[in-house]
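Trainee: Next come the chains, spelled out residue by residue.
There are 6 protein chains.
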Amino acid sequence: MSRIDGRAGDQLRPIGIIPGINKFAEGSCLIRCGNTHVLCCASVEDRTPPHVPEGEGWVTAEYSMLPRANRERSKRDIAKLKLSPRSAEIQRLVGRSLRACVDMKKLGERSITVDCDVLQGDGGTRTASVTGGFVALSLALYKLVQDGTIPEMPLIDCVSAVSAGIVNDQLLLDLCYEEDSAAQVDLNCVMTGSGKLVELQGTGEGRAFTIEEQRALVDLCAKGIREIQAIQKAALGG
Amino acid sequence: MSRIDGRAGDQLRPIGIIPGINKFAEGSCLIRCGNTHVLCCASVEDRTPPHVPEGEGWVTAEYSMLPRANRERSKRDIAKLKLSPRSAEIQRLVGRSLRACVDMKKLGERSITVDCDVLQGDGGTRTASVTGGFVALSLALYKLVQDGTIPEMPLIDCVSAVSAGIVNDQLLLDLCYEEDSAAQVDLNCVMTGSGKLVELQGTGEGRAFTIEEQRALVDLCAKGIREIQAIQKAALGG
Amino acid sequence: MSRIDGRAGDQLRPIGIIPGINKFAEGSCLIRCGNTHVLCCASVEDRTPPHVPEGEGWVTAEYSMLPRANRERSKRDIAKLKLSPRSAEIQRLVGRSLRACVDMKKLGERSITVDCDVLQGDGGTRTASVTGGFVALSLALYKLVQDGTIPEMPLIDCVSAVSAGIVNDQLLLDLCYEEDSAAQVDLNCVMTGSGKLVELQGTGEGRAFTIEEQRALVDLCAKGIREIQAIQKAALGG
Amino acid sequence: MSRIDGRAGDQLRPIGIIPGINKFAEGSCLIRCGNTHVLCCASVEDRTPPHVPEGEGWVTAEYSMLPRANRERSKRDIAKLKLSPRSAEIQRLVGRSLRACVDMKKLGERSITVDCDVLQGDGGTRTASVTGGFVALSLALYKLVQDGTIPEMPLIDCVSAVSAGIVNDQLLLDLCYEEDSAAQVDLNCVMTGSGKLVELQGTGEGRAFTIEEQRALVDLCAKGIREIQAIQKAALGG
Amino acid sequence: MSRIDGRAGDQLRPIGIIPGINKFAEGSCLIRCGNTHVLCCASVEDRTPPHVPEGEGWVTAEYSMLPRANRERSKRDIAKLKLSPRSAEIQRLVGRSLRACVDMKKLGERSITVDCDVLQGDGGTRTASVTGGFVALSLALYKLVQDGTIPEMPLIDCVSAVSAGIVNDQLLLDLCYEEDSAAQVDLNCVMTGSGKLVELQGTGEGRAFTIEEQRALVDLCAKGIREIQAIQKAALGG
Amino acid sequence: MSRIDGRAGDQLRPIGIIPGINKFAEGSCLIRCGNTHVLCCASVEDRTPPHVPEGEGWVTAEYSMLPRANRERSKRDIAKLKLSPRSAEIQRLVGRSLRACVDMKKLGERSITVDCDVLQGDGGTRTASVTGGFVALSLALYKLVQDGTIPEMPLIDCVSAVSAGIVNDQLLLDLCYEEDSAAQVDLNCVMTGSGKLVELQGTGEGRAFTIEEQRALVDLCAKGIREIQAIQKAALGG
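Going down the list, the protein sequences come from chains A, B, C, D, E and F. Take 211 as the starting number for the first sequence in the working numbering and just add one per residue. Take 211 as the starting number for the second sequence in the working numbering and just add one per residue. Take 211 as the starting number for the third sequence in the working numbering and just add one per residue. Take 211 as the starting number for the fourth sequence in the working numbering and just add one per residue. Take 211 as the starting number for the fifth sequence in the working numbering and just add one per residue. Take 211 as the starting number for the sixth sequence in the working numbering and just add one per residue.
Don't take every hint at face value.
Heads up, the list lumps identical chains together, so a pair's fine if it works in one copy or across two of them.
[Said to hold, decoys possible] EDC-like, lysine to aspartate or glutamate: derived pairs with alpha carbons at most 20 Å apart:
#1 K285 - E299
#2 K433 - E423
#3 K316 - E362
#4 K315 - D367
#5 K285 - E255
#6 K406 - D379
#7 K406 - E422
#8 K353 - D313
#9 K316 - E255
#10 K406 - D429
#11 K285 - D256
#12 K285 - E264
#13 K406 - E299
#14 K292 - D357
#15 K315 - E255
#16 K316 - D357
#17 K315 - D390
#18 K353 - E282
#19 K233 - E423
#20 K353 - D367
#21 K353 - E255
These are computed hints drawn from the structure, not numbers from a lab. Please read these numbers as outputs of a predicted model, since none were measured by experiment.
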C-alpha cells in the first residue's frame with residue numbers, strides 16, 4: 211500500500227539543507243524535510259550558566275513554531291504568557307542531543323544556543339531540529355576553530371534524528387503530518403554517526419505496542435539515520 | 211557488585227501504596243517507592259476541554275514537586291512565573307500514559323485530572339506518578355460506577371511504569387537518586403498489564419548506547435513492571 | 211447545643227504532629243488538626259535577602275494549598291500565573307509570627323524558609339501552619355546547634371496559633387470548615403508561650419461584632435493556645 | 211512626651227476629604243490624612259462575578275501605590291509581573307470592610323469597584339483607603355438612587371478605619387510613617403457607625419503585646435473612629 | 211464653526227501646572243490641560259542601566275493611566291499581566307523627548323525616572339506627559355544643582371508637546387477627547403524652545419492625508435508650543 | 211559622499227518579494243530589503259474581536275524578531291515574560307497601516323492577522339513589515355474573493371512604507387543598520403498609492419530637526435514609496 215505522498219514505507223522525504231542562511235549567526239542553516247522547514251541558528255556567547263563547571267562550555271537549544279507554521283494559526287507563547295509545554299519538551303530533547311556530541315572541556319568557557327524556529331511544520335519538526343541544529347552547531351564550532359578562539363574541534367561525534375511510526379498497522383519511516391495525525395505509534399530516534407542511540411522516545415497514541423514492534427521501529431530509524439548523515443556531511447562540505 | 215542500597219541489579223525498591231489518603235478527592239493514593247513519595251489525587255469534573263469530541267471524556271495529569279522534595283530547596287514555579295519545563299514534560303507523559311488505559315466514550319462527557327505532587331523525591335518520580343496515578347484514577351472510576359454516574363468501568367487495561375539504566379556499565383532496575391545522578395543511560399518504560407509498551411523514553415546522558423543495550427533495558431523494565439502490577443492490584447483490593 | 215463534630219464550644223480538634231517527616235529538610239513535621247493536614251518543612255540557606263542587616267539572619271514562610279486540598283479542585287497558582295492573594299496574605303502572617311520568636315543575631319547570616327503546604331484543608335490551615343511551622347523551625351534550629359553551626363539556640367519564645375469565631379451567635383474555639391463557612395465572625399490569634407499576642411486578625415464576615423465579643427474570642431483562643439503548646443512541646447521531645 | 215509632629219497621643223492627624231474629585235467615576239474623593247493622600251474612585255458595572263448569587267450585587271476594592279508615593283521610588287507591579295503581596299492583603303481588607311456596609315440585595319445585579327490609589331504615603335494608607343473608599347462608595351450609591359437605577363439606598367451602616375500602636379511603650383493613635391517604622395505594636399480597626407468592629411488586625415513587630423495592651427489599643431481606635439465619622443458625614447453633605 | 215468647548219480652531223485648552231505637588235519626589239508637578247490631569251514625578255537614583263556609557267547619566271519615563279481615568283473603568287495592567295501596548299508606546303515617546311533636552315555627561319552617573327500617571331484623561335495625555343514631565347525633570351535637576359550633587363544644570367533645551375488634528379475636514383489644535391474620537395487625522399509634535407522638532411507622530415485614522423495637510427498641522431502645533439513654553443517657564447519660576 | 215553600501219542618497223536597497231512562501235497561510239510573502247528579511251503571513255479567522263461593529267471585519271498585525279535576527283542574539287519575549295515594548299509599538303503601526311487600506315464592511319465578519327516575523331534585521335524592519343504585510347494581506351483577500359467567500363475585493367488603496375533619515379547632516383533614503391545607528395534623525399512614512407500619508411513617525415535621536423528638514427525627509431520618502439509600489443504590484447501579478 212503506497213503512502214499519501216507516494217513514498218515507500220522505508221523512504222525518507224526529500225531533505226535539503228542550506229548552510230549559512232543567516233548573515234549574523236556564528237552557524238546557521240535552513241533545513242527542509244518535505245514541507246517541514248526549520249531555521250537553525252547557533253549563537254556563541256562568552257559566558258556559561260551557573261551550573262556549568264569552571265573551564266567547561268555549554269550547549270543548549272530553543273525551539274518555537276511561528277504562529278502560521280501550521281494548518282491553523284496558533285497564538286504566540288507571549289500572548290499566552292507561557293512557553294508551550296510541547297516546545298519546552300522538544301527543546302530539552304534537542305539540547306540533550308546536541309550536548310551529546312560536544313566535548314565541553316574543548317569548547318571552553320562559552321555557551322552555544324541553537325535556536326530552532328519552525329517556519330512551516332508538516333510533521334517531524336523535532337527531528338528536523340536535531341538534524342539541522344547539528345549542522346548549525348558544527349558551523350559555529352568550525353568558526354571558533356578558524357578564528358583561533360579554540361585550538362581544536364570539540365565535536366565527539368555527529369547526531370541526526372528521524373521518526374518512524376505505525377499507521378494502519380504498517381511500519382513507516384519519517385511520518386509526514388497526515389501520517390503522524392493518524393499514527394497508532396510514534397517513535398523518534400536520535401543517533402550518532404556510529405549508529406548508537408542518544409535519545410529514544412516512543413508513544414502509543416492509538417494503541418500499545420509490542421516489544422517486537424518497538425525493535426522494528428528502531429531498526430527502521432537506523433536505516434533513515436544513515437541516509438540523513440550523508441546529507442548533513444554534504445551540507446558541511448563533505 | 212552490590213548497589214548503594216544493597217539491592218540486586220534487577221530488584222525494585224520497596225513499594226507501598228496507601229489508597230484513599232485524601233478525604234475529598236474522588237480517587238487518591240500515597241505511593242512510596244523507596245524514599246520517593248508521591249501524593250496522587252484524581253478529581254472528576256463535569257466538563258471537558260474544547261478539543262474533546264462530544265460525548266467523550268478526558269483524562270489529564272499535573273505534576274509538581276514541593277519546594278523541599280529534593281536535597282536542596284528549589285523555588286516554587288509561581289515565584290519564577292513559569293511551569294518548570296521538566297514538570298511540563300513529565301505531566302504530558304503521565305497524562306498520555308493514563309489516557310492509554312481509559313475508554314473515553316464509556317467515561318462520557320467528564321474529565322479527570324490526576325494531580326501528582328512529589329512530597330519527597332529520590333529518583334523515579336515520573337514512573338511513581340504513573341503507577342500511583344493509575345491507582346488514583348481507578349479509584350475515581352470505581353466511584354463513578356458505584357454512584358451510578360457511569361454504567362460500566364471505562365478501564366481498558368492497567369498501566370505501570372519503571373526505570374532502568376546503565377551505571378558504571380552495569381544494567382540496573384529502578385534507579386534511586388544516587389544511581390540516577392551517575393547514570394550513563396536512563397530509560398523509562400510505561401507498560402500495560404499484558405506487557406505492551408505505552409511510553410518509552412531513553413536518554414544517553416553520559417554516553418550513547420547500542421541497540422542491544424536498549425533492548426536489554428526494556429526487558430529489565432518489563433520484569434519490574436510485572437511485580438509493580440501485583441502491588442497496584444493489591445492496593446485496588448485485588 | 212453541640213457542634214457538628216460533637217465537640218464542646220471551647221474544645222480543640224484532635225491535634226497530631228509527626229516531627230521529621232521529610233528526609234531532606236533541616237526541620238519538618240506533618241501537623242494534623244482534625245482533617246486539616248499541613249506539611250511544614252524548614253530549609254536553611256547560607257545567605258540572606260538584601261534588606262537584612264549584616265550579621266543577622268532571616269526567617270520567612272511560604273504557604274500553598276495542593277489543588278485537591280479542598281472539597282473542589284482548584285487550579286494551581288502557576289496555571290493562573292499569580293500567587294493566590296489569600297496565600298500571599300497567609301504566608302506574610304506565618305512569616306511574621308515565626309520571626310517573632312527568633313533572635314536574628316544569634317541565627318547569624320543565614321535564612322530559613324518554612325514551607326507550609328496544605329495536603330488537606332478543613333478549616334484553620336493558617337493557624338495550623340503557624341503551629342506546625344514553629345515545630346519545623348525549631349527542629350532546624352536544633353540541627354544548626356547540634357552541627358555546631360551556631361553556638362546557642364536562637365529561640366526567644368514559642369508561638370502557636372488558633373482560631374475562634376461566632377457561629378449562630380455562639381462563641382466556638384477552633385472552627386472546622388463547616389463552622390468557618392457559616393461563621394458570622396472569625397478571629398485568629400498567634401500567641402507566645404507566656405500568653406502574649408503576636409498577631410491578631412478578626413473579621414466580621416456576616417455581621418459586625420462588639421468590643422466585648424472581641425475580648426471573649428481572644429480569651430477563648432488563649433485557652434486553646436495553652437493546650438496546643440503542650441502538644442508542640444511533646445513533638446519537640448518535651 | 212510629645213510626638214514627632216506635636217500631636218497628643220490620642221490625637222488624629224488633620225483629615226481632609228474632597229468629594230467628587232474625578233469627573234468620570236460614579237463616586238470619588240481625595241482623602242488626605244496628614245501627608246497620606248489617597249484617590250478613591252468607585253466604578254459601577256452592570257454585571258457581577260460568577261460567585262455572586264443571582265439578584266445580588268458585589269462590592270470590591272483595588273489598592274495600589276504610585277511608584278513615587280514613598281520616600282524611595284518603588285517599581286510598578288507590572289514591571290515585576292506580580293501584584294505586591296502587601297497590596298493584595300490590603301485590598302482584601304478594604305473590600306471586606308466596604309462589603310460590610312452594603313445590602314447586596316438592595317444593590318441588585320451590579321458590582322462596584324472602589325480603586326484606592328495612593329498618591330503619597332506617610333503611614334496609614336490602608337485605613338485612609340477604607341475611610342475614603344466609604345465616601346466614594348456612598349457617592350456612587352447616591353447616584354444610583356438619584357438616577358432611579360435602584361429604589362433605595364443600600365447602605366446598612368457606615369465604616370471608618372484608623373490605626374493605633376505602641377511606640378517606645380507609649381500608646382499612640384493614628385501613626386504617621388516615622389512612628390509606624392519605629393512601632394513595637396501596630397493595630398488597625400475598622401468600625402461601624404455604632405462602634406462595632408468589622409475588621410481588627412494587630413501585629414507585634416517589635417515585641418509581643420499583652421491582652422490588656424490590645425484592649426487599650428482598640429479603645430484608642432474607637433475614640434479616633436468617632437471623630438473620623440463626623441468628617442466623613444460632612445464630606446457626604448451632612 | 212465653533213468647537214465642542216467653544217474654543218477657536220487654533221486655541222489651546224486652559225493649562226495649569228502645580229509644581230512640587232509630591233512631598234517625596236526630587237521634582238514633581240500636577241499638569242492640567244482642560245480635563246486631562248497628569249501627575250508627573252521625577253525620581254533620581256544613583257545608578258544607570260547597563261547600556262549607558264560610563265560617566266554618563268540616563269533619563270527614562272513611565273506612563274500609566276489609573277483605572278478610572280477614563281469614561282469607563284479599565285483593568286489594571288497587573289490584572290492582565292501585561293503592560294498596555296499603548297502605554298509602552300507612549301512611555302517610549304516621553305522618554306525619548308525628555309532625553310533630547312539633557313546633557314548626559316553633565317548629569318553624571320545617575321538616572322532619573324519620570325513617572326507620568328494619568329489621574330483623569332480627556333485627550334492629549336501623551337503630550338501633557340511630555341510637557342509636565344519636562345517641568346518635573348527640570349525641578350529634579352535644579353535640586354541636584356542646589357544640593358551641589360552636580361556643578362551645573364544639564365539642560366540643553368526645553369521640550370513641550372501638543373496635538374493637532376483634522377476633524378470634519380477642519381484643522382484643530384489640542385484635541386479634547388470628543389474631538390480625538392472623531393478625528394480623521396491626529397498628529398503629535400514634541401518641539402524644543404527654538405521651535406525644532408524632537409518627535410513627530412501623525413496617523414490617518416479615518417482617512418489618508420496630503421503632504422500639505424501634514425505641513426499645516428505641524429505649523430498649528432508650533433503655534434501652540436510657543437504658548438505652552440510660556441506656561442512651563444512660569445511654573446518653573448520664570 | 212557615497213554611502214556605506216555604495217548607494218546614492220536617494221536610492222533604495224534592492225527589494226525582492228517572494229509571494230506564497232508559506233504553504234498554509236491564506237496569503238504570505240518573504241520580503242527582502244537589502245539584508246532585512248521579513249516573513250509575512252496573513253491568516254483569516256471567522257470571528258472578530260469584541261470591539262468590532264457587527265457586520266464588519268478586522269485586520270491586525272503581530273511583529274516579532276527571531277532571537278538571532280540581529281548582530282547579537284536577544285532573548286525571546288517568552289523568556290522575559292513580556293512582549294518587547296518596541297515590538298508592541300511596531301505591530302500597532304503595522305496594524306493601523308494595513309487597516310487604512312481595507313473596507314471593513316466588504317470584508318465582513320472575519321478577521322485577518324498579519325504576522326511579520328523578522329528572520330534577519332538590518333534596519334527598516336518596520337517599513338518592510340508594512341510593505342510585505344500589504345502583499346500578504348492582498349493575497350489573502352484575493353483568495354477570499356476567488357473562494358467566493360466575499361463578493362468583491364475589499365481593498366480601498368495600497369500601502370507601502372519606507373524610512374529616511376539624517377546622517378552626518380546628509381539626507382538619506384532607506385537607512386540600513388549602520389546608517390540607522392548613526393542617524394541624527396530618523397523618519398518613517400507609510401503612504402497610499404496616490405501619495406497620501408497614512409502614518410508618519412519622526413524622531414530626533416541625535417539632535418532636533420527643523421520643519422524644513424522634516425519636509426525634505428517626507429519628500430524623499432515619497433520618492434522611494436513610488437518605486438516600492440511598482441515592486442509590490444509586480445509581486446501581486448501586476
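Trainee: Each hint needs a verdict: does it hold in this structure or not?
Mentor: Evaluation of the provided hints:
1. In this assembly of identical chains, K285 and E299 lie within 20 Å of each other by CA distance both inside one copy and across copies; the values are 18 Å within and 19 Å between.
2. Both within a single protomer and between protomers do K433 and E423 lie at most 20 Å apart by alpha-carbon distance, with minima of 16 Å and 18 Å respectively.
3. With identical chains, the CA atoms of K316 and E362 are at most 20 Å apart within one copy only, with a shortest distance of 7 Å there and 49 Å across copies.
4. Proximity of K315 and D367 under a CA criterion of 20 Å is satisfied intra-copy only: 15 Å inside one chain copy versus 48 Å between copies.
5. In this assembly of identical chains, the alpha carbons of K285 and E255 lie at most 20 Å apart only when taken from different copies (12 Å versus 30 Å within one copy).
6. Taking identical chains as interchangeable, the C-alpha atoms of K406 and D379 lie at most 20 Å apart only when they sit on different chains, with a minimum of 15 Å there against 27 Å within one chain.
7. When the C-alpha separation of K406 and E422 is checked against a cutoff of 20 Å, the pair qualifies both within a copy, at 19 Å, and between copies, at 10 Å.
8. In this homomeric assembly, K353 and D313 come within 20 Å of each other (Cα to Cα) only inside a single copy, at 16 Å, whereas the closest approach across copies is 42 Å.
9. For the identical chains of this complex, K316 and E255 are intra-copy neighbours only, at 15 Å inside a copy versus 34 Å across copies, given an alpha-carbon limit of 20 Å.
10. Within a single copy, K406 and D429 get their C-alpha atoms as close as 11 Å, and across copies as close as 18 Å, so both meet the 20 Å cut-off.
11. For a Cα distance limit of 20 Å, the shortest separation of K285 from D256 across copies, 15 Å, qualifies, whereas the shortest one inside one copy, 33 Å, does not.
12. With identical chains, the CA atoms of K285 and E264 are never at most 20 Å apart, being 40 Å at best within one copy and 24 Å at best between copies.
13. Within a single copy, K406 and E299 get their C-alpha atoms no closer than 22 Å, and across copies no closer than 24 Å, so neither meets the 20 Å cut-off.
14. Taking the shortest alpha-carbon separations for K292 and D357, neither the intra-copy value of 38 Å nor the inter-copy value of 36 Å comes in at or below 20 Å.
15. For the homomeric pair K315 and E255, the shortest alpha-carbon distance inside one copy (16 Å) is at most 20 Å, but the shortest distance between copies (31 Å) is not.
16. In this homomeric assembly, K316 and D357 come within 20 Å of each other (Cα to Cα) only inside a single copy, at 15 Å, whereas the closest approach across copies is 41 Å.
17. Proximity of K315 and D390 under a CA criterion of 20 Å is satisfied in neither setting, with 39 Å inside one chain copy and 23 Å between copies.
18. In the homo-oligomer, the alpha carbons of K353 and E282 lie at most 20 Å apart only across protomers (16 Å), although the nearest pairing inside one protomer, at 39 Å, exceeds that limit.
19. Taking the shortest alpha-carbon separations for K233 and E423, neither the intra-copy value of 45 Å nor the inter-copy value of 34 Å comes in at or below 20 Å.
20. Only within a single protomer do K353 and D367 lie at most 20 Å apart by alpha-carbon distance; the minimum there is 18 Å, versus 48 Å between protomers.
21. For the identical chains of this complex, K353 and E255 are intra-copy neighbours only, at 13 Å inside a copy versus 43 Å across copies, given an alpha-carbon limit of 20 Å.
Of the numbered hints listed earlier, those contradicted by the structure are 12, 13, 14, 17 and 19.
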